[in-house]
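Trainee: Each chain, written out:
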Amino acid sequence: MKLSATYAFKAPGEKVFAALVDPAILQKCIEGCEKMEKTGEDSYDAHLKIGVAGIKGSYVGKVRIEEKKTPESFTLQVEGKGSPGWVKGKARIQISPKGERSELQCESEGQVGGLIAQVGSRLVEAVAKKMQDEFFRKLGQQLGG
Amino acid sequence: MIPAAFDYVRPTTLDEALGLLAKYGEDAKVLAGGHSLIPAMKLRLSQPKVVVDIGRLGDLRSISEQDGKIAIGALTTHYEIESSDLLRHSCPLLPEVAGKIGDVQVRNKGTIGGSCAHADPAGDWPAAMLALDAEFEIAGPRGSRTVAAKDFFVDMLTSALESGEILKLIQVPMTAKTAAYVKFAQKASGFAIAGVAAVVDKARKGVAVAVTGVAAKAYRAAGTESSLGGLELSETTIATAAQKAADGVDPLSDIHASAEFRAHLARVLAKRALELAAGRG
Amino acid sequence: MAATTENATETKVSQRYFGRAMKRVEDPRLIKGIATYVDDLKLPGVLHAEFVRSPHANAKIKSIKTDDASKLSGVIGIFTGADVNDKVGTIPCAAPLPGGKSPDHTVLAGARAYFVGHPVAVVVAETRAIARDAQDLVEVDYEPLPAVVDPEKALEEGSPLTHPELGTNVAFTWSVSGGDVEAAFKEADKVLKIRIVHPRLTPMAMEPRGCAASWHAGESSLTFWSSTQIPHYLRTLLPGLIRIPENKLRVVAPEVGGGFGSKLNLYPEEVVVGHLAIRLDRPVKWIEGRRENAAATIHGRDQIGNHEIAVRKDGTLLAIRTKIIADIGSYCQLLTPAIPTGTGNMHCGCYKLKAVRVDITGVHTNKMSTDAYRGAGRPEAAYLIERIMDLVADELSLDPVQVRLKNMPESTEFPLNTATGLVYDSGNYQAALEKAQELAEWPKLLQERDAARDAGRLFGIGVSTYVEICALGPSKTMPAGGWEWGCVRIEISGKVTVITGTTPHGQGQETSFAQIAADRLGVPIEDIVVLHGDTATAHYGRDTYGSRATALGGTAIVMSIDKIIEKAKTLATALLNSTPEKVEFNDGKFFVSGEAKNALGWGQLASEAYIAKNLPPGFEPGLEASSFFEPPNCTFPFGTHIVAVEVDRDTGQVKILKYVAVDDCGKQVNPLLVAGQVQGGIAQSIGAALMEKTVYDENGQLLTGEFMDYAIPRATDIPDFVLGSTETPSPSNPLGVKGVGEAGTIGATPAIANAVVDALSPLGIRHLDLPFTPERVWRAIQGNGGQS
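Protein chains in written order, with this note's numbering: chain S, 1166 to 1310; chain A, 34 to 314; chain H, 24 to 811.
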């Protein structure tokens, strides 16, 4: 599953970048993220409760920030597993400054396995897109609009 | 195939049910017909700690005429709707939709309220509810409120019901016989890959066309409706209008149907539903 | 006719029951719900097992943590590969091919998981709910690896390897050929090329798998119950794996809710349950859920064929060169290689091909294994040869029926030597075709098509003339004996007990064998009981698969009955104070010719035989005989199916408007059973043609793991059939029976496929791969392909 989207922010590029690599802000942006602990330079353990409506699953996962090119781009690697299955995703983030504002290009690809792949495949792409949109909407809020 | 352990409570009044939901919050899940909840529990995709079975709330199970509209209790089963003489005469779209849901066993147990609250993107009811501009009466800890259909289906598997609320009643208008529901079912599950409900108002020269199964939630095909507004319905006008039935939506895609095919089916079924509806009166 | 019935007694067999459409004696208990399936067994103190399965198609297993799961109250133990694999044997393949490469198939995953659903650990607990809860708490740390999913890509240089230690994804190669293929191609007026894909299918028996085992410590013996088609094979194979002697193992197949080949296997779960029952000294039961069944019970078909066909302008088939890639999944199960080789052997279909060459490559991928599924290789063969015939007709602008007739042998040419080396026993393909056309009202059907086409409708007619091979088979060609065993006993009371080594699981032999025995013994059918499925009762047998039970099991019973009649005659002669030439046997009675009033019935003879006060010198007491029947050949049922369909141009939906099937299974013991088998086979073929496909995504995730996503036909999908039959007896057994359990599945899919392609042919479409889902058909109509 591949997603490609662009998001606009009323904040300069460096500020957006800094927010994205800040675990405290990341946790607020990820819906259902109950815990995010730094385990190393640019790597974190995360506890997530994600899903749709009543169908939520608990996942324990790892988040890593790679190929960091402050303040323009980085790659986010996420993998998590829980009883509903496992998820694995990669998002390439590219930030283009536009004066006091900036534009963020997100190219992501993800895979799921286990129960959610088997019985939820028609929902997976829509849920992933929704989660991604929600993430950047919350980021926008964190950045002050 | 075995759910995670849960407690089971069965209130006898709506107030008692609301009290239980307030008490248990996120830990509770309402059980109506059970044909969405129980499969999810058996797969352990849903693991409520408390199941609040509202099946005994007889007041929520009814079909009656009220002030020139029809009021359907949330616990009314699909079968009861399918076999209702009152609806057959006054709002025939509903029995037609009901008869296409799942199979006989599902229709005997499943409820219109439970189905709408579940808001499955491929469920049949949302198309009819949107096409009829139905109104949803919701009971909650702070009293009752009414939500229009267009605001009730919020997103995939998400309705306007807030935590602690229970859907009480659905109100639909009385319509002429010129209504139809056409469905293209996913062969395995019986859910709609595309389902189109069309209500034709010949007197006012207007149509309502709603599509389910195609996008993350059911939608009114605004382009199709406006194309036909004020026009005489003919094979040509319907065909042209139906071409817009997938405009502006992001169709779902899975192993059963690509986004392209879903969009195509929306257009094909919109045409068929309109022709069928128009031909009925 | 086989030599078995050449005995001194002229057996006048009444025909009161043979050939009669009788309701089954099995049905009342099944319908009332009082039959005993594995899950109905009540074993005191039983423990429940649940398997932890890999959610990855390919992964290293780094660690398995069981502490949290073990702490749950009621959990007796959690066992992983490390706990079990060195204590039991590995799962065998009974049909390995020379040069084939196979990894050790340990019962639980060892260092790696090879497919989604691969059992990695097993939880044993006091209740199923506790086992299920504990299953969630077992933590397996996987390191996922790239999955091998596409069998063609798996053969490319640089592809990841399913089993790295084998150094290749090729599991086996095999070929069959006959005649001078090169010369035939040189002689050809035209050479056609076509790629035909037969998708993977999931058998989806109504009852998923399940087994239970009980260790009797005092006797050091084990009773093993399983929802299986092959209790006898299990009794042969399990002892080596769970390390107990064969004669201390009893295997029982209770009521089995459908097998279709998916229960013709020795499964790792069965071995684990047997092992744990001994290890824990408590009965253990395991019942599979549907998701497990879809992921970890053997799949069927999955072949990609590239074909070159050499033809003459007049429609004569000269030769076919075929290369098949068979996606066999991660392991060879019991008969995995024998399925595509079966396709190769039956490649010629009903036609006199001068030359043929079939090369098959079995490929290991990160999926569940394929193995026998109703038809087991023959549906694939019938499908590709029947598609080829239509393609040939289309290419040469000839009538598809005429092209078939042109290449068919005459009924007088049997036994027929085929280019692949098989010898077809008997056949009259023209008669079945003619009858089918008659039942289909052929000229009217053609007119209907013309009228529909004039009106712009997509209406198509498809024909399939098929032959298949069953009643497996001569022991020289079988992995572990192809004979069948039958025992008949006249009890003291005169009642009859028939014991068969076949293992019916829905086929109805409790009824049909009683019909055969009732006629041959001249007793009322109510006096006969047919026992099966328990190795303590049916000591030996080769079980039920490959449509063999009636042809082989029925014959073994006939042989035993004839031995009893012979023996009884000796006793009767003595009791009647007569001489052998003067004593007759008719309608269940022995009497001196002309003195029918003074007859001895089975009750009297049995009484004498067991109470043994008046036995002639040298006469062994008892009236019981058992026999092994070794068949001289397989049998070759055949038939013609004719289908008319209409395709909805806008939605791609296919509707079957007419379905005619004429099947020849030789002599029919019970036409009701025959019709039931044909209908069921056709239903499964409709599924394969129109809606079924096992789908793995690019990561090897199974996307069709539930009935939410894997569509099988419902009653409303099945058209009204017009069924007919011809009867060309088989010379391969004295009953003249061929077998019909799989014929419907073999003949039907090609007929439907040919009909759909015919419907789309006005749009220029010449071929379309299965399944004909609405979207696939719609895309073909749009001109976007639709080929897989």
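Errors might be hidden in some of the hints.
Unchecked claim - List of simulated lysine-lysine pairs, DSSO-like, C-alpha gap at most 30 Å:
hint : chain 1 : residue 1 : chain 2 : residue 2
1    : H       : Lys375    : H       : Lys271
2    : A       : Lys75     : S       : Lys1294
3    : A       : Lys142    : H       : Lys55
Bear in mind the hints are in silico, worked out from the structure with no lab data behind them.
Trainee: If you test the structure against every hint from before, which numbers come out violated?
Mentor: Violated hint (a single one): 1; every other hint is consistent with the structure.
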